[in-house]
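Residue numbers (my numbering): 1 to 716.
Mixed in with the good hints, there may be bad ones.
Unchecked claim - Below, simulated DSS-like cross-link-like pairs (lysine-lysine); rule was C-alpha separation at most 25 Å, straight line:
{"#": "1", "residue 1": "K477", "residue 2": "K700"}
{"#": "2", "residue 1": "K704", "residue 2": "K715"}
{"#": "3", "residue 1": "K700", "residue 2": "K514"}
{"#": "4", "residue 1": "K424", "residue 2": "K439"}
{"#": "5", "residue 1": "K629", "residue 2": "K477"}
{"#": "6", "residue 1": "K546", "residue 2": "K580"}
{"#": "7", "residue 1": "K377", "residue 2": "K439"}
{"#": "8", "residue 1": "K308", "residue 2": "K357"}
{"#": "9", "residue 1": "K546", "residue 2": "K704"}
{"#": "10", "residue 1": "K435", "residue 2": "K514"}
{"#": "11", "residue 1": "K308", "residue 2": "K377"}
{"#": "12", "residue 1": "K477", "residue 2": "K514"}
{"#": "13", "residue 1": "K715", "residue 2": "K696"}
{"#": "14", "residue 1": "K514", "residue 2": "K709"}
{"#": "15", "residue 1": "K546", "residue 2": "K709"}
{"#": "16", "residue 1": "K709", "residue 2": "K696"}
{"#": "17", "residue 1": "K371", "residue 2": "K357"}
{"#": "18", "residue 1": "K692", "residue 2": "K715"}
{"#": "19", "residue 1": "K477", "residue 2": "K435"}
{"#": "20", "residue 1": "K357", "residue 2": "K373"}
{"#": "21", "residue 1": "K357", "residue 2": "K319"}
{"#": "22", "residue 1": "K308", "residue 2": "K319"}
{"#": "23", "residue 1": "K715", "residue 2": "K546"}
{"#": "24", "residue 1": "K692", "residue 2": "K704"}
{"#": "25", "residue 1": "K377", "residue 2": "K357"}
{"#": "26", "residue 1": "K371", "residue 2": "K580"}
{"#": "27", "residue 1": "K514", "residue 2": "K439"}
{"#": "28", "residue 1": "K715", "residue 2": "K700"}
{"#": "29", "residue 1": "K709", "residue 2": "K692"}
{"#": "30", "residue 1": "K424", "residue 2": "K435"}
What the hints assert, rightly or not - Derived DEER-like restraints, expressed as beta-carbon distance ranges:
{"#": "31", "residue 1": "E510", "residue 2": "D388", "range": "39 to 47 Å"}
{"#": "32", "residue 1": "R652", "residue 2": "P470", "range": "50 to 58 Å"}
{"#": "33", "residue 1": "E623", "residue 2": "P658", "range": "35 to 43 Å"}
{"#": "34", "residue 1": "T646", "residue 2": "E418", "range": "54 to 62 Å"}
{"#": "35", "residue 1": "T674", "residue 2": "A581", "range": "27 to 35 Å"}
{"#": "36", "residue 1": "D650", "residue 2": "D423", "range": "37 to 45 Å"}
{"#": "37", "residue 1": "E603", "residue 2": "D423", "range": "36 to 44 Å"}
{"#": "38", "residue 1": "G452", "residue 2": "L379", "range": "53 to 61 Å"}
Note that these hints are calculated values from the structure, not bench results.
Keep in mind it's a predicted model, so treat the numbers as computed, not measured.
Glycine is no exception: its CB is placed at the ideal position from the N, C-alpha and C atoms.
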Amino acid sequence: MFKKHKLYDDMIRLVGKHHPDLLSDTHLHLGKELEAEGRLPEAEYHYLEAQEWKATVNMYRSNGLWEEAYRVAKAHGGPNAHKHVAYLWAKSLGGEAAVRLLNKLGLLEAAVDHAADNCSFDFAFELSRLALKHKTPEIHLRYAMYLEDEGKFEEAEAEFIRAGKPKEAVLMFVHNQDWEAAQRVAEAHDPDSVAEVLVGQARVALEEKDFQKAEGLLLRAQRPGLALNYYKEAGLWSDALRICKDYVPGQLEALQEEYEREATKKGARGMEGLVEQARQWEQAGEYSRAVDCYLKVRDVGSSSLVEKCWMKAAELSIKFLPPQRSLEVVRAVGPQLIGIGKHCAAAELYLNLDLVKEAIDAFMEAEEWNKAKRVAKELDPRYEDYVDQHYKDFLKDQGKVDSLVGVDVVAALDLYVEQGQWDKCIETATKQNYKILHKYVALYATHLIREGAYAQALALYVQHGAPANPQNFNIYKRIFTDVVSSPGTNSAEAYHTWADLRDVLFNLCENLVKSSEANSAAHEEFETMLLIAHYYAARSAAQSVKQLETVAAKLSVSLLRHTQLLPADKAFYEAGVAAKAVGWENMAFIFLNRFLDLTDAIEEGTLDALDHSDFQDTDIPFEVPLPAKQHVPEAQREEVRDWVLTVSMDQRLEQVLPRDERGAYEASLVAASTGVRALPCLITGYPILRNKIEFKRPGKAANKDNWNKFLMAIKV
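Let the hints inform the model, and build the full structure from the sequences given.
In C-alpha cells, the structure reads:
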C-alpha cells in the first residue's frame, strides 16, 4: 500500500520494524525505481543507505553528472575510488580538457600511472605529451614490458630503446635465447652488454655440455674467471687449471690447493684426478707443481698407487729441483712411505741424498737389522753402536731373550729377571763369570725370600756357593733367621735343611777368612750362625737314633746360649720339652716356665717383666730380642701351662739348674767362680771338662766319650 502510494518513508519504517533483514534490499530496490524515474538525489539516498556507493557513482556517470559521481566516490568510496572516477572523467573529456580537470583535482600524474597500469597506453602517452613530458620514457618502458609479456618482441625492442633502456631489450632477447637479436641490440645501443650476451650464450652451451663453445664465448667476453668457475663446478679441474694458468695465473696456487682438497674428499676418484693432473704438469715441464701434486696423493685403498706417486715425487725432485727442495721432498716422502710399511723404499730414498741416519732408522723400524748394520758399517761407522743399542732394546722389548744373550748377556739376564724366568736366568748366568752369576743368584734369593720360599733360596747357595760379598750379608742372615724360625724343624726329618744351612754358612765362613771381611764383626756373627746350624744339624741326626736322645736334648739346651740370634720362645720350648723327655724335670720346669714368661711378654709387647733369677751365673743371655710373633701353637702352649702348673702345685721339684764339678751350671761354657771359659763340645754343645779331642780347625773340639758314642750310634 505504502509502495503503491509512493509513501517510501512509511514503507521503510514498516520494513525496518517487521523485516529488518530485508531493509537493505528494500533501499536498493527503491534506489533503482527512483533512478528509473529520474529522481536521482532520492535514488542516491537509498543507494547509500543500502551501502551501494558504486551504484550511485554509476548512476551519475551514466547521466553525465561526473562531478556528482566524483563527490560520492570521494565521500563514500575507498582511498583510490575518487581517483578512478577522476581518471574516467578525464578520459571522457580527452585532450586539454582532461589535463585541466586532472590538474584542478591534483591527480594528473596519478592518472598517467593509472592509465599505464590499465594498459591505456594511448591515453597515458597523450597526457604525458600534453603536460608530463618527463614521464614519457617511463611510459615507453612500461609499454615495452607489456609488449614483451604479449610476445611482441620487435615492438617491445623499439619501446625499450625509446625508453632509453636498450639493456632491457638485450636481456629480453637473451631470456628468449635470440642471441642474434641480443647481439645486434647490444652492439648498436649498449656495448657494455655484449659481454653479458656472450656469457648468456656460454651458459646455454654449458647446459648442453658444449664446454669448448662455452669456453670460447667466455674468453670473447673476457670472463676467464667464469670459465674457470664453470669448469670447477663441472669437476673438470684440469681445464680449470689450464684456464687459470693461461689467463689468471695469480690464482693458480690457490686453485691448485682447492683442487687437492676436493680430490681428497672424493676418495679414490679424486686421487685418480690428482694423479692425472700431476702427469699433465710433468709433461708440461712444471716439475715443482707435478711434485706438489704427487705428494698430495693419499692412500684410499691403493697403497701401490700411493707408493708410486710418492716415489715419483721424490724422483722428480732429485732430478729436476734444487738440492734444498729435493731434500725437503725426500724428508716428507720418507715418513709417508714408512707409514704404509714401505720402510726399505724410504731407506733407499734417504741413501740417495746421503741421509744415513734416516736410512738406518727406517731399516731398524722394519726390523732389517742386518741392513741397518751394513749401512752403518760401510757409510758411517759412528752409528754402529747406535744400531747395536737399538737392536738390544728391540730384543728386550720383544722378549727375545735367547737372541739377546749373544748380544748383551747382562741385558738378557735383566730381561729374564723382569719376565720371572729365574731358572733360565741362573742357567745362563752360570755360563758367565762368578761375579755375574752371584749378582743374579742374590736377586733370585731376594725374590724367593720375599715369596716366603727360604728353602729354595738356601738351595741356591748350596748349589752355587756363598761368596763373601758384603751386599749379600743381609740375604744370608735372612735365610738363617727364616730357617731357625720355621716350624717343623725340631725333628730327624729336618736334617737336610739344617745340613744345607750349615754347609752354606761353612762355605761363607771359609770365603770370609780369605776376604777383606776376615775377623770382622760380620765374620764373627756368621761363625756363630755356623755353630748354631751345626748344633741343629747334629740334633736332627741324633733325633734319628734312640741312643742319642740325651745328645739331642743337650744340643737343645746348648742352643739357649744363642737366643740373641734365635726366637727365644721357640728355643726355650724345644729345650724344655727335650729335657722333660729325658727326665731332666728340674731343667724342663725352669725352661718351660721361662717359655711361658716369654709367651706372655710377646702378647704384652715387652720383656720388661721377665725374671732372670733362674739364669744367674749362666751364659744364657738376659737381653734377647722380643719375638715378633708366637712360634709355638696355642694348643702346645696350653699343654705346657698345665704341666708347669701341676709341677708347681706338687712342689716336689727344686727350681735350680743342675751344676757340675766346677760348681757352675752344667751347660755353661763359663765357670762363674773362676771366669774360665771351656770349649763347647761339637757333639753336645756342653763344655769340655776332660777327655778332649781337638780337630784341625782351631777352637773346635769334642768330648771323647760323646764323640765315640755318637760315632758308634751312627754306625749302628
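Consistency of the hints with the structure:
no., hint, result
1, K477 <-> K700, "23 Å, holds"
2, K704 <-> K715, "16 Å, holds"
3, K700 <-> K514, "19 Å, holds"
4, K424 <-> K439, "14 Å, holds"
5, K629 <-> K477, "18 Å, holds"
6, K546 <-> K580, "15 Å, holds"
7, K377 <-> K439, "34 Å, violated"
8, K308 <-> K357, "24 Å, holds"
9, K546 <-> K704, "20 Å, holds"
10, K435 <-> K514, "16 Å, holds"
11, K308 <-> K377, "30 Å, violated"
12, K477 <-> K514, "20 Å, holds"
13, K715 <-> K696, "23 Å, holds"
14, K514 <-> K709, "35 Å, violated"
15, K546 <-> K709, "12 Å, holds"
16, K709 <-> K696, "21 Å, holds"
17, K371 <-> K357, "12 Å, holds"
18, K692 <-> K715, "21 Å, holds"
19, K477 <-> K435, "20 Å, holds"
20, K357 <-> K373, "11 Å, holds"
21, K357 <-> K319, "23 Å, holds"
22, K308 <-> K319, "16 Å, holds"
23, K715 <-> K546, "13 Å, holds"
24, K692 <-> K704, "6 Å, holds"
25, K377 <-> K357, "12 Å, holds"
26, K371 <-> K580, "80 Å, violated"
27, K514 <-> K439, "20 Å, holds"
28, K715 <-> K700, "23 Å, holds"
29, K709 <-> K692, "14 Å, holds"
30, K424 <-> K435, "17 Å, holds"
31, E510 <-> D388: 39 to 47 Å, "41 Å, holds"
32, R652 <-> P470: 50 to 58 Å, "54 Å, holds"
33, E623 <-> P658: 35 to 43 Å, "24 Å, violated"
34, T646 <-> E418: 54 to 62 Å, "59 Å, holds"
35, T674 <-> A581: 27 to 35 Å, "33 Å, holds"
36, D650 <-> D423: 37 to 45 Å, "59 Å, violated"
37, E603 <-> D423: 36 to 44 Å, "43 Å, holds"
38, G452 <-> L379: 53 to 61 Å, "56 Å, holds"
Consistency with the previously given hints fails for numbers 7, 11, 14, 26, 33, 36, ordered from lowest to highest.
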